[in-house]
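Trainee: Listed here are the chains, written in short residue letters.
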Amino acid sequence: MMLDRDTQRRIELFLFQEAKLLDAGQFEAWLRLYEPQGIYWMPSQPGQTDPLNVASIVYEDHAILSIRVQRLLEARALVLTPMPRTTHIVGNIEALGHKDGGYTAGAAFICVEHQAEKQRIYSGRHTYHLLPEAESFRIKMKRVDLVNSDGAHAPMAIPL
Amino acid sequence: MNQLAETVTPDDIRSLVRPDHVHRRAYADAAVFALEQERIFNCLWIYVAHESQLKKPGDFVRTRLAQHEVLVTRHTDGKIYVLQNRCPHRGARLCMVDQGTSRLFSCPYHAWVFRPDGSLSTVPHRKSYPESFSVDDPQNHMQRINHVESYRGFVFATLNETPEPLVDHLGQMTEVIDNLVDRAPDGEVEIADSSFTLEYRGNWKLHLENAADVFHPSFVHSSSVMPARRAPENASILDQDQTREMLLANGFGTDEWEGVQLNGLPGGHTYMTNFYSRGVLVHEDTDPVVVRYKAALVARLGPERAASVLGMSRFNNIVYPNLIINAQHQQMRVTIPVSVDRTIVRVYCFRLKGAPDEIFHRAVRFLTTLGSPASMIFSDDVEMLERCQQGLAKDAGPWVDFSRGFGSDRHDQDGSVSGAASEMPMRVQFQTWVNHMTAVAT
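Protein chains in written order, with this note's numbering: chain C, 1 to 160; chain W, 161 to 602.
Please keep in mind that the hints were generated in silico from the structure rather than gathered at the bench.
Incorrect hints may appear among the rest.
[Unchecked claim] The list that follows gives simulated cross-link-like pairs (lysine to any residue, SDA-like), each with its CA atoms no further than 20 Å apart: (1) C/Lys118 - W/Glu359; (2) C/Lys118 - C/Val54; (3) C/Lys118 - W/Arg547.
[Stated by the list, open to error] Incomplete in silico selection of chain W near chain C, CB under 8 Å: (4) Tyr289; (5) Leu358; (6) Pro387; (7) Val450; (8) Pro533.
[As the list claims (entries may be wrong)] Sample of chain W residues with no beta-carbon within 12 Å of chain C, all distances over it, derived: (9) Thr169; (10) Asp415; (11) Lys454; (12) Ala523; (13) Ala534; (14) Asp540; (15) Pro558; (16) Trp559; (17) Val594.
Here a beta-carbon is modelled for each residue, glycine too, at the ideal position from N, C-alpha and C.
Work out the full structure: start from the sequences and follow the hints.
Mentor: Right, dumping it as structure tokens:
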């Protein structure tokens, strides 16, 4: 179902807002964009459909994400010393209506992460299932398909 | 090879390892690394694949054996072969995927075609080769690794032309492989078709030492222990609190430092008692999944034997030089040295055949929580391994201290050592390291 321009625009702005919160290190505010039962999923294989029988890089609901976010805010997290700085860029956004009254959105992303002498680039596709809430949205599911999901990885710290 | 031996002499090697200290060159000297490849990774049995990846003829996996890339294959004769992934014609790398099924391997350059045992099947335009050219000549075959052995489904290979039997190398570590397999109600395990490949900028031995180290968790992992302590119980809808319990388990204190029993074996293998002792990670009889699982296991083994299998609780069983097994959580890691300061860690889990699906889902969750690149636990470990390498690369204060618990080790007649609150496992690993590195080349 094609969306009217206003809804399409509001979804785009919502995704930009999410990226901005991550870049600003406002991880608690980022988590508030999720439904209480919302899920963040980063598969380990291209086209992965099964999060139970196939290991995921991240497959976490709000409760586990809360621990992850609190860790990001812990001064003692070694891998976060110094705190990485990121630029999350989201583009090619396409949104459609969902039969549950919400929306699905797809986007391409690039994230550049800088930490001390290291600089890393992540890229791939985001797939969202959004539910309307007041004038905005909440994330029921965000799927992050890294272009190199099944490759060799160094530790990842900041959500993509 | 002899040139290397001249660069780093046995006396050099012996001078790097004191009973309770190790010289930084063991981690940072490229010549020492090259000698390790020759004397350890080219000489010992190295895990290469699990038989569940090679069920039918033509099945293959691509992996590393020492500094070589090899294909582990199942041939039509039912046997497993380990082959150099290289066309003998012009030397091109042959197979470019990690696993699959193929009755023939064809080199895309000039179309020499090989069978899964490495033998040459056909070459195009046969008549333009001289009469002396034969497809039966082993020189025209994919080079075979001569020594391949399996232990209960775990396939090992060695480049050593006169190896000791695999079971002798494994020694008491066969018990942990037995235990993993015996935990399956159908008596078989299957490797999961998902795994992680992690890379860090540090020497391979740092990972082994970290896996045998009981002191670091309370410090290195405090950034995940603290938030897990503050988080409410059973809040997750996904994992029955498994992730939170795993994070909590790293909150080591005196009880763990003194209570986790450490063991070292001849051959450099080490293990410790398990410290994941709460919640869904232990088999509590109030858990309906566990009730079903135990019933299935008892049906096969009988109650006494099932209790004994489930009662074995050894953590981070490190088979020297590079395999780590956790039977009770169905986990496995392989440490692959790439260069003196670069290492790949492959992380796997297993399905216990005949066990409820939920048992496998927990193994998958364990794999993600501890072994994913985004793991809240392992990412902090890697950070410390890299910082160690950065420090050891500098020639300032050359000695690494492994003296903790030195003098309190208990030595048994069979050559094993035990202790607690100790860096004994690292001393055991380095004793074996010196033995191999200074052995007379055969």
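Trainee: Take the hints in turn and mark each one as holding or not.
Mentor: Against the structure, the hints come out as follows:
Between C/Lys118 and W/Glu359 the CA atoms are separated by roughly 14 Å; this keeps the pair inside 20 Å, and the hint holds. Restraint check for C/Lys118 and C/Val54: the C-alpha separation of about 30 Å exceeds 20 Å, so the hint is violated. For the hint pairing C/Lys118 with W/Arg547, the CA-to-CA distance comes to about 13 Å; that is within 20 Å, so the pair holds. For the restraint placing W/Tyr289 at the interface with chain C, the shortest Cβ-Cβ distance is roughly 40 Å, beyond the 8 Å limit, so the hint is violated.
For W/Leu358, the interface hint holds, since its Cβ comes within 8 Å of a Cβ in chain C; the closest pair sits about 6 Å apart. Interface restraint check: W/Pro387 against chain C, minimum CB-CB distance 3 Å, threshold 8 Å, status holds. For the restraint placing W/Val450 at the interface with chain C, the shortest Cβ-Cβ distance is roughly 18 Å, beyond the 8 Å limit, so the hint is violated. Residue-level restraint check for W/Pro533 holds (minimum Cβ-Cβ distance to chain C is 4 Å; threshold 8 Å).
A cut-off of 12 Å between C-beta atoms confirms that W/Thr169 is not in contact with chain C; the least separation is 35 Å. At the 12 Å boundary, the C-beta of W/Asp415 stays outside the reach of chain C, the nearest C-beta of that chain being 21 Å off. Even its closest Cβ contact with chain C, about 21 Å, leaves W/Lys454 beyond 12 Å, as expected for a residue assigned away from the interface. At roughly 9 Å, the least C-beta separation between W/Ala523 and chain C is not larger than 12 Å, which violates its mark as non-interface.
For W/Ala534, the non-interface assignment is contradicted: its Cβ lies about 4 Å from the closest Cβ of chain C, within the 12 Å cut-off. The claim that W/Asp540 lies off the interface is violated: its Cβ sits roughly 5 Å from the closest Cβ of chain C, which falls inside the 12 Å cut-off. Even its closest Cβ contact with chain C, about 24 Å, leaves W/Pro558 beyond 12 Å, as expected for a residue assigned away from the interface. Remark: the non-interface label on W/Trp559 is consistent with the geometry, its nearest Cβ contact in chain C lying 24 Å away (cut-off 12 Å).
Residue-level check passed: W/Val594 sits 31 Å from the nearest beta carbon of chain C, beyond 12 Å.
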